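Undergrad: The primary structure of each chain is shown beneath.
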Amino acid sequence: MSCLQARGITFSYAHPGRSRPGAAELPPQIRNVDIDVGEGEFVALLGPNGAGKTTLLRLLGGMLRPLTGSVTLFGQVVDSLGLAQKALWMAFVPQESRPTFDFSVLELVLLGRWPHLGLLGIEGKRDVEIARESLRFTGVVDLAGRPFGSLSAGEKQRVLLARALAQQARVVLLDEPTAFLDLGHQVRIYELLRRLCREFGTTLLVASHDLNLAGRYCGRLVLMHEGELVRDGAPREVLTEELIRSTYGVEAQVRHDPVAGPIIIARGSPP
Amino acid sequence: MIRPLLAFLSCIAAAAASSAPATTGPAGAPGGPTGKPRRIVSLAPNLTEMLFAIGAGGEVAGVTDFCDYPPEVRHLPKVGGFINPNPEAVLALAPDLVVATPNVGNRPFVEQLMRAGTRVEIVQARNLDEIFPALEALGRATSRESQASVLVRRLKDGLLSAKERVKGLPRPRTLLCIQVEPLVVAGPGSYPHDLLTIAGGISIVPDGSGAYPKLSLEEVVRAAPDVLIQTRMDAPQGLEVSSEASDSLLQWWGRWRSIPAVKAGRVHAVAGDTLLRPGPRLLEGIELLIRLLHGSTVASVQHAGQGRRLEGCR
Amino acid sequence: MPLREPAGGGFRPGRLAGICAALLGLLLLVLLAGLSVGAAPVRPWVLLSRASNGEEAARARDILLGLRLPRILLAAVVGAALSAAGVTFKAVLRNPLADPYILGVSGGAALGAILTAAFGAGDGTASAAGLIRSLFAFGGAAGTLLLLFALARASGRISNTSLLLTGAVVNAFFSALILFIITVVDYTRFQSVFFWLVGTIEPSGYGPLAATAACVAGSLLGLVLLSGRLNLLSLGDDEARSLGVEPDSIKKLAIIAASLATASAVSMSGLIGFVGLMVPHATRAVLGSDHRSLLPAAALGGAIFLVAADTAARTLLAPVEMPVGIITAVCGGPFFLYLFQRRRAREMGG
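Protein chains in written order, with this note's numbering: chain A, 1 to 271; chain B, 1001 to 1314; chain C, 2001 to 2350.
Treat the hints as calculated values from the structure; they're not laboratory data.
Given the structure is predicted, the values throughout are model-derived calculations rather than measurements.
Think of the CB as a built atom: it goes at the ideal place given N, C-alpha and C, for glycine as much as any other residue.
It is possible that part of the hints are untrue.
[Claimed, not checked] Ranges of calculated distance between the beta carbons of each label pair, as one might list FRET restraints:
no.	chain 1	residue 1	chain 2	residue 2	range
1	B	1117	C	2161	51 to 57 Å
2	C	2024	A	149	31 to 37 Å
3	A	198	C	2286	42 to 48 Å
4	C	2024	A	191	49 to 55 Å
5	C	2161	A	96	15 to 21 Å
6	A	124	C	2135	32 to 38 Å
7	B	1157	C	2135	49 to 55 Å
[Said to hold, decoys possible] Here are a few chain A residues that face chain C, going by a calculated C-beta distance under 7 Å:
no.	residue
8	83
9	92
10	114
11	115
12	118
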């Protein structure tokens, strides 16, 4: 069953109303994209820098408004949904978070409960329990009392993920969650995500740089290039040598491992 | 943003005011012709009054925006403010003598004039005692020594006679205010305080408070003055004060009815020019104070001005 | 950090109530102390004894009820307003160094006050003039707020950068305008405004005091209701949105409420500095950054601080009074040195 859908999306960061005379119109970031994410899927958005992964993610998350086309979430147009309603269904995990003030880990995760709190915004025992559970799931419950700023990058990312969990959203969008992490943490994050998908049926959409890990853990890959969808399908179909060459400009060899799936070995730039 | 700027400015002002002027001294300062000056510019209202009082009025060619006495100076060319005179305007009048008194802001302007080669006479007249040497200095600078000494003699005689008149009279406890919100008063060392003492009043401002301290209202209530006098600089010429101003002043003080001055209705708003400008009208100022403090029975000169009484406050 | 939330739980209204009760108790103590000291050696219990004769009693009443009481109450109201506004602006602008004057509201208020002085109504000789100055200062502040929103909105969404820049521009422009007026108009008119610009608490009538207190109370109530959303704003616009809160509308409401409180305070007491900068920091160090606790606690803390500072300002050099802005500034310097040291130590340590 489709839960997150985009039809005919185009987007550009230049605002036509404010263009200066003589300034060239920037090429559209996203050109005519259609995408259908089914419930419970674990999808990765791949593509080189500037391909539009983050932009598309933010469009799907309702943080940006498309110039044409529409985004629907569980059948409702995202634009028409109130922010509060959308927050009950969809969570967004940023690449990094830098809150102005020194919140504790628990306080930060409790903020994820906001969409569920009443008018006064005061959390109850159950909300605290959910927050702790989320921290337990991501393995950082021992850090609950620590200031967020004092954590390592890997720990921070797991806290942010815990917050998305505490939000109890059915769809979670993640913007390059492993960008600043070492290999060990990268793997752990993907394993957590896979657990999330399998145990709770959460729909996951991850923008990623890491072809190997995405190919290993995600059931479906969407490859973007210069604002367009180039390929959408199983890892085998998307991670091919020709596509890697044409999208990333890299000569690569693709091997298939029975456990890890397609493995990309980069050989260098084309001659 | 504004606060640091103003704090900075007031520090500079304080530094400028506290340091001694660059040149003091009588006529004959280097850099200018000696002899009777024909075109004088005055950079202070009290100095303007002094010049006219010693008979040099005919030579005065320019005054500040705030000079307003005698009335004829209103028609004279203006050279700028008291703390910020305009050197160009001064030089445009081609003066052969400029008289100035040091204040919080005019030092750079005066130095500019000196550098331009103008003859500048710095005259200090901050309180009663300094008026006489100031008059004599101006007398020397304008070659009117005899007129100056005659005036000095007359003023000193007038002071003695005033002291005589009030000798033996009860000395009312008095507060002279410059403004009330917040309360800034004339304290020991200030000119109005000197006049008050001569006129037979006792200031309730404690010693060591400074010349124009911001005084606590609690202290005023505690000290229980018999007379409250407020000087206003925007009053019309002379001693008259608009009745609306007096009324609102009385309303303001009326919040604290335990003050004897309020109970007796002895709250007066008066024109400040004779009380705040150390100059030749010091006898008029003392006259005004004597009238306010002791009633019309001892006043020797008829004046029109007086404060209003607080109704129904007995 | 003894009062910081232990890992065991989220926000507990009970805990906040306890903290506020303690602070309220401290405030009452400080108010009593403020009522007991001053330039005149009069103590509050004098009012209770019937033995003193009529004149002395009348004087005591005038001093205690006519001077000290309205003054310390005003100090409490202004302190609470500036402190709460400080907390709010830090959250909205995501800048720990923001103070209530950062968006230029103070510039507008100062311009209003200067204009009344320049055109005669505020030459400091009567209470009506003081009231007019308050009204103009408030009007100036409100006008600045409108200008601020108009300018910030012209550049698209109300981003923090555009707010800060607009605020800086507004402040600079008003400073220039004020200096221009000062140099052009009769300098004797500005003596009364000088103290106002440094910040001073004067014993006002109970009418204006009540009006100010009502405005500030209303703003504080609004801010307390918004305090939970301020937590979300601190995360950043995108994250706040993803959690269901529209940053732009919250920012607008918060800025309006905080500016209203600031304008009310400033119109009565002038530009008292450092309260809105220091008290939020100090409160945050003890209670943590959850704005639902921080805001009410900082408001009470600001009240306590300013009553104490004003008491010092009017007793240290008695019977001469200092403007309270000088005391707060004197506290501000060492406080920030201390903060800076702590930050350095923390960075070095880990």
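Undergrad: If a hint holds in the structure, say so; if it doesn't, say that too.
TA: Structure-based check of each hint:
1. Checked against the given bound of 51 to 57 Å, the beta carbons of residue 1117(B) and residue 2161(C), roughly 54 Å apart, stay inside it.
2. At about 32 Å, the beta-carbon gap between residue 2024(C) and residue 149(A) stays in the expected band of 31 to 37 Å.
3. The given range of 42 to 48 Å is respected by residue 198(A) and residue 2286(C), whose C-beta atoms sit roughly 44 Å from each other.
4. For the pair residue 2024(C) and residue 191(A), the supplied restraint of 49 to 55 Å holds, since their beta-carbon distance comes to about 51 Å.
5. Separated by about 20 Å at the C-beta atoms, residue 2161(C) and residue 96(A) satisfy the suggested range of 15 to 21 Å.
6. For residue 124(A) and residue 2135(C), the hinted distance range of 32 to 38 Å is not satisfied, since their beta carbons lie about 46 Å from each other.
7. The supplied range of 49 to 55 Å is met by residue 1157(B) and residue 2135(C), whose beta-carbon atoms lie about 52 Å from each other.
8. At its closest, the beta carbon of residue 83(A) sits 5 Å from a beta carbon of chain C; the interface hint therefore holds under the 7 Å criterion.
9. Hint on residue 92(A) holds. Least Cβ distance to chain C is approximately 4 Å, under the 7 Å limit.
10. Taken as an interface hint, residue 114(A) checks out: its beta carbon lies about 5 Å from the nearest beta carbon of chain C, inside 7 Å.
11. Interface hint status for residue 115(A): upheld, as the beta-carbon distance to the closest one in chain C is roughly 4 Å, under 7 Å.
12. Taking 7 Å as the C-beta cut-off, the interface hint given for residue 118(A) is violated, the closest approach to chain C being about 10 Å.
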